[in-house]
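Undergrad: Line by line, the protein sequences give chains S and U. Here the first sequence stands for residues 1 to 313, where the numbers follow my numbering. Here the second sequence stands for residues 1001 to 1313, where the numbers follow my numbering.
Read the hints as simulated data drawn from the structure, not as lab findings. Because the structure is a prediction, the values reported are computed rather than measured. Among the hints, erroneous ones may be present.
Stated by the list, open to error - Once the Cα atoms are required to be at most 25 angstroms apart in a straight line, the calculated DSS-like pairs of lysine-lysine come out as:
(1) U:K1120 to S:K120
(2) U:K1123 to S:K123
(3) S:K120 to U:K1220
(4) U:K1120 to S:K124
(5) U:K1220 to S:K220
(6) S:K123 to U:K1120
(7) U:K1220 to S:K269
(8) U:K1123 to S:K124
(9) S:K269 to U:K1269
(10) U:K1269 to S:K220
(11) U:K1124 to S:K269
(12) U:K1124 to S:K123
(13) S:K141 to S:K249
(14) U:K1258 to U:K1013
(15) S:K123 to S:K164
(16) U:K1123 to U:K1013
(17) U:K1258 to S:K123
(18) U:K1013 to S:K120
(19) U:K1258 to S:K124
There are 2 protein chains.
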Amino acid sequence: MLRFPEHQVAGHKAIEGKLGPLIDDYGNFYKPLQSKGRGSNEVACYKFFNSDPRVPNNISQRYFPIFHGTKVLNASDGSGLHPHLVLEDVVSCYSNPSVIDVKIGSRTWYPESSDAYISKCLKKDRESSSIALGFRISGLKFVSSSFKEDDSLSDCSLSWQPDKEFLQNLSSEDVNLVLSKFVSCNIPSNDSASPRPDRAFVNKVFGGSNGILEQLLELKQWFEVQTIYHFYSSSVLMVCERDSLMNGKSSSGGAVVKLIDFAHVVDAKGSIDHNFLGGLCSLIKFISDILDSPPDYDDNCISNANNGIKDEL
Amino acid sequence: MLRFPEHQVAGHKAIEGKLGPLIDDYGNFYKPLQSKGRGSNEVACYKFFNSDPRVPNNISQRYFPIFHGTKVLNASDGSGLHPHLVLEDVVSCYSNPSVIDVKIGSRTWYPESSDAYISKCLKKDRESSSIALGFRISGLKFVSSSFKEDDSLSDCSLSWQPDKEFLQNLSSEDVNLVLSKFVSCNIPSNDSASPRPDRAFVNKVFGGSNGILEQLLELKQWFEVQTIYHFYSSSVLMVCERDSLMNGKSSSGGAVVKLIDFAHVVDAKGSIDHNFLGGLCSLIKFISDILDSPPDYDDNCISNANNGIKDEL
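Okay, chain S solo, but in the shape it has when bound (with noise of 0.2 angstroms):
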């Protein structure tokens, strides 16, 4: 039984008779391989990652989704049978995982794009954050089945997933407090007057030896040498589950970093990924700026968190 998978936050959609990506039971994702030599390319590119003997264990295995191979499937939009790639789906172990996607790169584009796609591009790189901030938030939407209610709001609802008009051009301090919601117990909102992220999380889903600040370092370690893919359009996926950190489950919550969408991804004709490379440290020190920012708790969210921990030790 396949489904849409209601956890994917950015790209195209399964919804609305549309092609998109569809998921099932078994911890798989189908991708419907895009037109114009794109899905071939992804195809290529996943098999390279998954036998490329230049590519680290410690990168392939960690980073890259599992590449299951092709499968030819009926499409969501029902116009009948269409090529899907058959991945791993990376949040199926989560029950309620919040996920932020950042495209990563201050460019869309490659230097052999055709003009009138350079142009496409560029137009979208000045209309977001990718050419002020080296990345865009894509999507993201942030879930928890214990929020903590806020009296003053009268919508409060159990998630957060703003709309593309709200993520369109963040600034600097915006994606400060998008971040720090990632990390927050209190409810999010696009409410400017909703209460301050109190990064009751931030130790433990940033930080730590697992945490995903570590992650993005061993990113960017093999980005600074390595020389065979630019990867344009790209995406980094974080991912992490509030309820297991609010009940003591989990210590870190499951937080990973995937490397996902590789439509776009291109032979790197020996140079390391400069725009990408530059990109990930971009995002890299916004989340370095959150950890080593003073905390902020809110008392009762961090004692149930730490009550948690506590029983499971």
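Starting from the known structure of chain S, arrange chain U on it as the hints suggest.
TA: Just chain U, lined up with the frame of chain S:
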């Protein structure tokens, strides 16, 4: 007595009645303020670099030319009085400096640039190696009074200063070759039949605790965290003196790195300069690779150099 700086390898030049920089006998470099606010922007930047406590001393003192204020002088183009920046002439202490000017960043325009300026810069970035490699070599002059002569070459000049066309759009292999020639003692040449660069001075110029690689890595460390300025169209200038290596007067050839050209430095608005950092990391990778390549010495040349060093010791 002001004169044309013979070791200037890029930028506007004070020749054939044009407006360009001048030098004196006291180690000063007089750079005419550029029009359209670029000159005053550069003055403001130099003032900041010298006084802003957020710029660490090891960076401002080691990598920025000293700024001595501004002075109104007779312009080199004969147009009369014109304001000039008074800067340290960073090559004044060398007899025969070899110089390479690398404009860092795949993008030379900034978020606030006009559409016309973006089009102009984008064209240059695409027609050079900037987009592909994250930097372009803007100019170079490799000088020696003792280049080893090769009988097969009829034109055995004592310096190599390729023209703009040669430098226009270098590939990875070309950049590797040019940077290798910078640290070689056989005669460099545009001729593809010329002998392979011997990299005789690679460890002395690129390597070591005071070498160019260490200096670039120190700069990189700062660019990973500084959120004060973004440096568009700025260059890293690398200088060394072959003669002092050949005759053993110096063990490093006075290898230095300087950051120059600040007409397009802008406020960082809270993020690191991912564009400059990416390009700098790309240059660093080229230099590391040349350092890590197996040696390909020319016996005569290196024994001369070694004898010299021994004499010194």
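Undergrad: Run the distance test for K1120 (chain U) versus K120 (chain S): straight-line Cα separation, threshold 25 angstroms.
TA: holds (18 angstroms)
Undergrad: Below or equal to 25 angstroms on CA atoms is what counts here, so check K1123 (chain U) against K123 (chain S).
TA: holds (16 angstroms)
Undergrad: Keeping to a limit of 25 angstroms between CA atoms, is the pair of K120 (chain S) and K1220 (chain U) held or broken?
TA: Not satisfied, since the Cα-Cα distance of roughly 32 angstroms exceeds 25 angstroms.
Undergrad: Does K1013 (chain U) pair with K120 (chain S) here, judged by a C-alpha cut-off of 25 angstroms?
TA: Not satisfied, since the Cα-Cα distance of roughly 38 angstroms exceeds 25 angstroms.
Undergrad: Against the 25 angstroms threshold, does the CA-CA distance of K123 (chain S) and K1120 (chain U) hold or violate the hint?
TA: holds (16 angstroms)
Undergrad: Does the structure keep K1124 (chain U) and K269 (chain S) at a Cα separation of 25 angstroms or less?
TA: holds (20 angstroms)
Undergrad: Could you grab the alpha-carbon distance between K1120 (chain U) and K124 (chain S) and see if it respects the 25 angstroms cut-off?
TA: Holds - the C-alpha atoms of K124 (chain S) and K1120 (chain U) are around 19 angstroms apart, at most 25 angstroms.
Undergrad: Quickly compare the C-alpha distance for K1123 (chain U) and K124 (chain S) to 25 angstroms and report which way the hint goes.
TA: With a Cα-Cα distance of about 19 angstroms, the restraint between K1123 (chain U) and K124 (chain S) holds, given a limit of 25 angstroms.
Undergrad: Given the proposed pairing of K123 (chain S) with K164 (chain S), does the C-alpha separation stay at or below 25 angstroms?
TA: This hinted pair holds, its Cα atoms lying about 16 angstroms apart.
Undergrad: Given the proposed pairing of K1220 (chain U) with K269 (chain S), does the C-alpha separation stay at or below 25 angstroms?
TA: Holds: K1220 (chain U) and K269 (chain S) sit about 23 angstroms apart, inside 25 angstroms.
Undergrad: Does the structure keep K1258 (chain U) and K123 (chain S) at a Cα separation of 25 angstroms or less?
TA: Roughly 34 angstroms separates the two Cα atoms, so the pair is violated.
Undergrad: Holds or violated: K1123 (chain U) with K1013 (chain U), Cα cutoff 25 angstroms?
TA: Judged against 25 angstroms, a Cα distance of about 22 angstroms means the pair holds.
The structure fails to meet hints 3, 9, 17, 18, 19 from the earlier list, while all remaining hints are met.
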